[in-house]
Amino acid sequence: MPAAEVAARVRESLRSVKAADLKDTQLMEVLRLAQQLTDTMQMFFGSLDQSIHTEFNAIASYISRTRDEIAQLRPNDIKEQRIPIAGAELEAVVGDTERATETIMSEAEGVMMLDADDPDAYKAAVDEAMTKIIEACAFQDLAGQRVSKVVTSLKHIEQRVARFAATMGVNDADASEDERAEADRRRKLHLNGPAMGGPETGQDDVDALMGMDQDAIDALFD
Amino acid sequence: MAVEMNMPILVVDDYKTMVRIIRNLLKQIGFENVDEASDGAEAFEMMKKRKYGLVISDWNMEPMTGYELLQNVRADDTVKSTPFIMITAESKTENVIAAKKAGVNNYIVKPFNAGTLKAKMAAVIGDF
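If you read the protein sequences in the order shown, they are chains A and B. Numbers 1004 to 1225, taken from this note's numbering, label the letters of the first sequence in order. Numbers 2 to 129, taken from this note's numbering, label the letters of the second sequence in order.
Hints are supplied without guarantee of correctness; some may be wrong.
DMTMM-like cross-link-like pairs, simulated, lysine to aspartate or glutamate; straight-line CA separation at most 20 Å [claimed, not checked]: (1) A:Lys1191 x B:Asp40; (2) B:Lys102 x A:Asp1208; (3) B:Lys93 x A:Glu1203; (4) B:Lys102 x A:Asp1221; (5) B:Lys17 x A:Asp1099; (6) B:Lys17 x A:Glu1094; (7) B:Lys102 x A:Asp1210; (8) B:Lys119 x A:Asp1210; (9) A:Lys1126 x A:Glu1112; (10) B:Lys111 x A:Glu1101; (11) B:Lys17 x A:Glu1105; (12) A:Lys1191 x B:Glu95; (13) B:Lys111 x A:Glu1203; (14) B:Lys93 x A:Asp1216; (15) B:Lys111 x A:Asp1210; (16) A:Lys1191 x B:Glu63.
The set of hints was computed from the structure by calculation and includes no laboratory data. All values reported here derive from a predicted model rather than from experimental measurement.
With these hints in hand, go ahead and build the complete structure from the sequences.
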């Protein structure tokens, strides 16, 4: 029941009691105090009603905006279309690469085992193997196109997530315990993976490091 | 002392094509007695059963990495003296230093060629 309605009912009850023409002054004093208390409470609860109403409006507005932003993110499109298609494309790249590698290596191994006693037959066999190797290299064109599609999908997803995070003012949460443990394991085992754009330390520098004693290596980092 | 060209060599890599490439390169330079393992744990078990003249290992494998294999080998009296070459795409200076500290005999950065493999093998096991 709203605060205003409660106050109205209390006031009505007080009026009824006063109208009974009571002579007891103490009772009249109590009734006056009750009247003041009721008026005060009405003001208090009235402001509380307004405050709660405003809060709920703000929450409803936030939920509505969040729902709109999530819709803009198009999570179902990401989950059901873009990620599965990107995964399938990458699997296809791996498959194409494996098949091409198998062909190239088999042909190369075949050439290495050829008998060169008959030059004409040797040349014909080498030509045939080289043609198959060249044909197999066509995988690079397909792989390039497939990877481009994956990159395009990742860019779409990146843009949507970035917009969502910026609009909603999202901050990154701390990594989970599992993620921290895995990162720690990879750091301890020096699992860095291949560097972008070629080896970070070339073979000559590796050889130099392998030839240095430990004190000289330590001195590099002083 | 002359290198025994028929000595068993253990190649450890989880990528079958790389194992095949290394096997072909070894064959090209005269070594055909080659065994294969797909991670450090499998390689370590094989080393317990057969004495290898050389181990050529990748670094980044699961569940046991080549770095852990190297540490295990150097900590085990029965196999600790086995020559060990790391062939890996892990090319940070910290990797090379960590491998050196752990007792690797040589370190080859991928991609590599037959000449590099032959030179590093000769530096470890002697000219052949």
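Here's how the hints hold up against the structure:
no.	hint	result
1	A:Lys1191 x B:Asp40	holds, 18 Å
2	B:Lys102 x A:Asp1208	holds, 17 Å
3	B:Lys93 x A:Glu1203	holds, 6 Å
4	B:Lys102 x A:Asp1221	holds, 11 Å
5	B:Lys17 x A:Asp1099	holds, 15 Å
6	B:Lys17 x A:Glu1094	holds, 17 Å
7	B:Lys102 x A:Asp1210	holds, 14 Å
8	B:Lys119 x A:Asp1210	holds, 14 Å
9	A:Lys1126 x A:Glu1112	holds, 15 Å
10	B:Lys111 x A:Glu1101	holds, 19 Å
11	B:Lys17 x A:Glu1105	holds, 10 Å
12	A:Lys1191 x B:Glu95	holds, 11 Å
13	B:Lys111 x A:Glu1203	holds, 11 Å
14	B:Lys93 x A:Asp1216	holds, 18 Å
15	B:Lys111 x A:Asp1210	holds, 14 Å
16	A:Lys1191 x B:Glu63	holds, 14 Å
Violated hints are absent here; each numbered hint is respected by the structure.
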